[in-house]
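Chains as they are written, first to last, in this note's numbering: chain A, 179 to 402; chain B, 53 to 472.
Take the hints with a grain of salt, since some may be wrong.
Claimed, not checked - Just so you have them, the derived chain A footprint on chain B, three or more residues with Cβ under 8 angstroms:
#1 64-71
#2 359-373
#3 379-390
#4 465-471
Calculated from the structure, these hints are not laboratory results. Quick reminder that beta carbons are idealized off the backbone N, C-alpha and C, glycines included.
The residues making up each chain are set out below.
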Amino acid sequence: MRVVLEAKHINKYFKKPVLFHVLKDINFQVKKGEFASIMGKSGCGKSTLLYILSTMDTDYKGELLLNNQLVTNQNSNHLSYIRNKHIGFVFQFHYLLSEFSVLENVMLPAKKLAEKSHQEIEHDAIEKLKMLNIAHLAKKRASRVSGGEKQRIAIARALINNPSIIMGDEPTGNLDSHNAENVFNIFKKLSDEQGLSLLIVTHDKDFANKTDRIIQMADGKIIT
Amino acid sequence: MTNWKVILSIAKTHLLTKIKQTAIASLGVTFGIGSYITLVCFMTGLNAMLDNLILNQTPHIHIYNEIEPSEKQPISLYNNADKSFNVVHSIKPKISQKKIHNALPIIDYLEKNKDVRGALPQIKTQIFYIAGSIELGGNLTGINPVDEARLFNMEDYIVEGSAEALQNTDNSILLGIGIAKKMSLKVGDRVQVSPISGGIFPLKIVGFYQSGIADLDAIQSFTNIKTIQRILGKANNYITDINVKLHNIEQAIPLSKKIEQQFKLKAIDIKTANAQFETGTTIRNLITYAVSITLLIVAGFGIYNILNMLIYEKMNDIAILKATGFSGKDVQLIFMSQAMIIGFVGGVLGLLIGLGLANLISTIPFQTEALPTVETYPVNINPLFFIIGFSFAMLSTFLAGYLPSKKAKRIDPVRIIRGQ
Ligand SMILES: Nc1ncnc2c1ncn2[C@@H]1O[C@H](COP(=O)(O)OP(=O)(O)OP(=O)(O)O)[C@@H](O)[C@H]1O
Ligand SMILES: [Mg+2]
Numbered sequence: 179m180r181v182v183l184e185a186k187h188i189n190k191y192f193k194k195p196v197l198f199h200v201l202k203d204i205n206f207q208v209k210k211g212e213f214a215s216i217m218g219k220s221g222c223g224k225s226t227l228l229y230i231l232s233t234m235d236t237d238y239k240g241e242l243l244l245n246n247q248l249v250t251n252q253n254s255n256h257l258s259y260i261r262n263k264h265i266g267f268v269f270q271f272h273y274l275l276s277e278f279s280v281l282e283n284v285m286l287p288a289k290k291l292a293e294k295s296h297q298e299i300e301h302d303a304i305e306k307l308k309m310l311n312i313a314h315l316a317k318k319r320a321s322r323v324s325g326g327e328k329q330r331i332a333i334a335r336a337l338i339n340n341p342s343i344i345m346g347d348e349p350t351g352n353l354d355s356h357n358a359e360n361v362f363n364i365f366k367k368l369s370d371e372q373g374l375s376l377l378i379v380t381h382d383k384d385f386a387n388k389t390d391r392i393i394q395m396a397d398g399k400i401i402t
Numbered sequence: 053m054t055n056w057k058v059i060l061s062i063a064k065t066h067l068l069t070k071i072k073q074t075a076i077a078s079l080g081v082t083f084g085i086g087s088y089i090t091l092v093c094f095m096t097g098l099n100a101m102l103d104n105l106i107l108n109q110t111p112h113i114h115i116y117n118e119i120e121p122s123e124k125q126p127i128s129l130y131n132n133a134d135k136s137f138n139v140v141h142s143i144k145p146k147i148s149q150k151k152i153h154n155a156l157p158i159i160d161y162l163e164k165n166k167d168v169r170g171a172l173p174q175i176k177t178q179i180f181y182i183a184g185s186i187e188l189g190g191n192l193t194g195i196n197p198v199d200e201a202r203l204f205n206m207e208d209y210i211v212e213g214s215a216e217a218l219q220n221t222d223n224s225i226l227l228g229i230g231i232a233k234k235m236s237l238k239v240g241d242r243v244q245v246s247p248i249s250g251g252i253f254p255l256k257i258v259g260f261y262q263s264g265i266a267d268l269d270a271i272q273s274f275t276n277i278k279t280i281q282r283i284l285g286k287a288n289n290y291i292t293d294i295n296v297k298l299h300n301i302e303q304a305i306p307l308s309k310k311i312e313q314q315f316k317l318k319a320i321d322i323k324t325a326n327a328q329f330e331t332g333t334t335i336r337n338l339i340t341y342a343v344s345i346t347l348l349i350v351a352g353f354g355i356y357n358i359l360n361m362l363i364y365e366k367m368n369d370i371a372i373l374k375a376t377g378f379s380g381k382d383v384q385l386i387f388m389s390q391a392m393i394i395g396f397v398g399g400v401l402g403l404l405i406g407l408g409l410a411n412l413i414s415t416i417p418f419q420t421e422a423l424p425t426v427e428t429y430p431v432n433i434n435p436l437f438f439i440i441g442f443s444f445a446m447l448s449t450f451l452a453g454y455l456p457s458k459k460a461k462r463i464d465p466v467r468i469i470r471g472q
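The shape of chain A in the complex, shown without the other chains:
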C-alpha cells in the first residue's frame, strides 16, 4: 500500500519556561485508506505531534513526508497550499467562522484552492453536507447550530478539497456517545469507501478499538 504520511525521527523541544523534550524520536507511517488512532495519557504530546504533522508547527527536528514528498523546511506559502489541498483538520472544539453561513464555511477552503468554479464548489459542499445528514442547515449561520452539528460541519469542511489525509484532535471529545458513534461511522465509511487515510487522536477506548490501528504514546514516545 502507498504511504500517505511518514514521520522520520521527529524531535521537538519546548524552550520555555524550561527546556522540555516533548517529542522523542517519533517514527511512523500512515498508509492510504488506513484509519489510525493515537492514544496516550494527557500531556504525553499527542496534540503537539498532530500540529507538526499538519504542517502548522514547523519548529521541530526530523523529517515529515506527505505523499512521499518532503514537507520539512518548505516555505510557509507552500505549507499553506499543502494544508489547503492535502490535509483536512478537525479540531476538538468546533472551529467555524461564526459570521458565515454553514455552506460558506464548508466552501471556503475550496474557494481558496480555486480549482473549481463557484457552482461546482457549492454543489460539492452540499454533497458533503448531505453525506453527513446536515444539508438542511446549509443556509444557517454557523453560530446558530448545535455542537454536534458544528462538528459534522467541520468534518464536511475538512473533506471539501478531497484531501489525502484527515487529522483530528479529539474530534469526538465534546460529543455524547450517540454523536461520537455517528462521527466514527462517518470516518469509517470514508476510509472504507473512498480510501481516505485518517489519523485521529482520541481518549475514547471504544472509538480507538474500532480503528485499524492504535498508536500508543507515552511520555513523548511511541510505544506500539
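Starting from the known structure of chain A, arrange chain B with the ligands on it as the hints suggest.
Leaving out everything else, chain B with the ligands in the frame of chain A:
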C-alpha cells in the same frame, strides 16, 4: 497567486457584521477628508481673492522714467583722474522730464511682442481737488478707460458709473470714493482740479472709484488721457507711464530686464513689486495643510485602533483560516482590504461632504467696504484638492491598516488553537 474574490468576500463579511465599528472608522476618515476639502477650498479661495485685490489691478510690468542721479559722474569720464580717489559732494539728479521719450513708438513696439497682451499708456500727475473752500491733495491719472477695464479689471473697482462714460465724456473724472465722501460729492456734480503748474479746471464726475484700499481711495482719481493732457498743457505724445499685461506672468522678469536695457527706462515687474503677497499665500497654505494633516492623522489612529480591536476579536477566525490553508499573506490582505475599504468609503463620503460644505460657504453673504465686488465668501473648488484628499485618505488608511494586518499575518494558529 492571490485569490482576491475570497479575500474580499471575507473582508466584506467582517465589515458588515461589525457595521458599527466600520461606520465609526469610516466617519473618522470622512471627517478628516471633509474638513480638508472645506478648509483648502475656502482658504485658497480667500488667498485668490486677496491676491486678486492687488494683482489684478497691478500691471505685470510698469515702465516709467525714474528721476535719479546718473550712475556715471562726469569725473569718471576724465582719464587723468583714473588712479586717484574721487569724492563728489552733493550729487543731484540730472534735470530731466518725467515723460517717457518716444512713448508712442515704444507702445507700438511692445504691442507687437507675442508675449504681451497689451501695453497701456498712463499719465500720472499730482493735483489739488477744490470744492468750495476745501482743497485736497491727490493724484489724477489719465488712462484709456475701456482698455484698462479690459486688461486690468477696472470695472470691478468702479462702484458707480462706467469706464465707457469716462472714455466718452470730455472733461470727466472718475473720483476716488474717499474724496467724494470728504467733499460730499455725487455723480453728475462738478469738481475742480488744479495741477501744480497752476490753473483751475472743472471736471464732471461720471463715477466713483473704490479699490478697497482706503488710503488709495482718498487720493486717487482717473480721467481720460486727452483731458489730462489738456489740463497739463502738454502735447498728445506726453506719456509718463506704460503698463504692460502679459499672457504669462512668468515672463515678467526677463521682459522687464530687456525693456530696461533697450530703452534706458525703469521697468518694474510684478514679482518684485509684490513679493510680500507670495509669502502670505505660502503661509496660509501651510496652515491649511497642517490642520488637515492633523485631522487625517487623528482619523488614521482611529482606524488603527479599530482594526487592532477587530484582529483581537478575530483571533479564532485567523487561526481557522490559517489551519485550512490560507497563507499569512492572505490573512494580511483580508485585513488590509478592510482598511482600504474603510478608507475608500470614508474618503469618498468626505469628498462629497467637503464639496457640499464648500458650496454652502460660497452662498454665505460676505460684504465688506474693502471689497466692493465680493458678495459671498470666496471658495476655490479645484479638482486637484479632491485628488489630493482622496490619495491622502487611501494613504493614511493604508498606513493605519498595515501594522495591525502585519500582526494578523504573524499570528501562530497553533497558539490560538491550544489556547482554546
Ligand atoms: N507552548 C508550550 N510551551 C511549553 N510547554 C508546552 C506547550 N504546549 C504544551 N506544552 C507541554 O507539552 C506537553 C504535551 O502537550 P500536548 O498538548 O501535546 O499534550 P496532549 O497529549 O495533547 O494532552 P491532552 O490529551 O491533555 O490533550 C504537555 O506537558 C504540555 O504541558
Ligand atoms: Mg491534546
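Each hint, compared with the structure:
With a cut-off of 8 angstroms between beta carbons, the stretch 64-71 of chain B has 3 residues touching chain A; three or more are needed, and the interface restraint holds. For the stretch 359-373 of chain B, the stated coverage by chain A holds: 5 residues have a C-beta nearer than 8 angstroms to a C-beta of that chain, and at least 3 were required. Closer than 8 angstroms: that is the beta-carbon criterion, and the stretch 379-390 of chain B has 4 residues meeting it against chain A, so the requirement of 3 holds. Coverage of a stretch by a chain is defined here by at least three residues with a beta carbon nearer than 8 angstroms to that chain's beta carbons; for the stretch 465-471 of chain B and chain A the count is 4, and the condition holds.
Hint compliance for this structure: no hint is broken.
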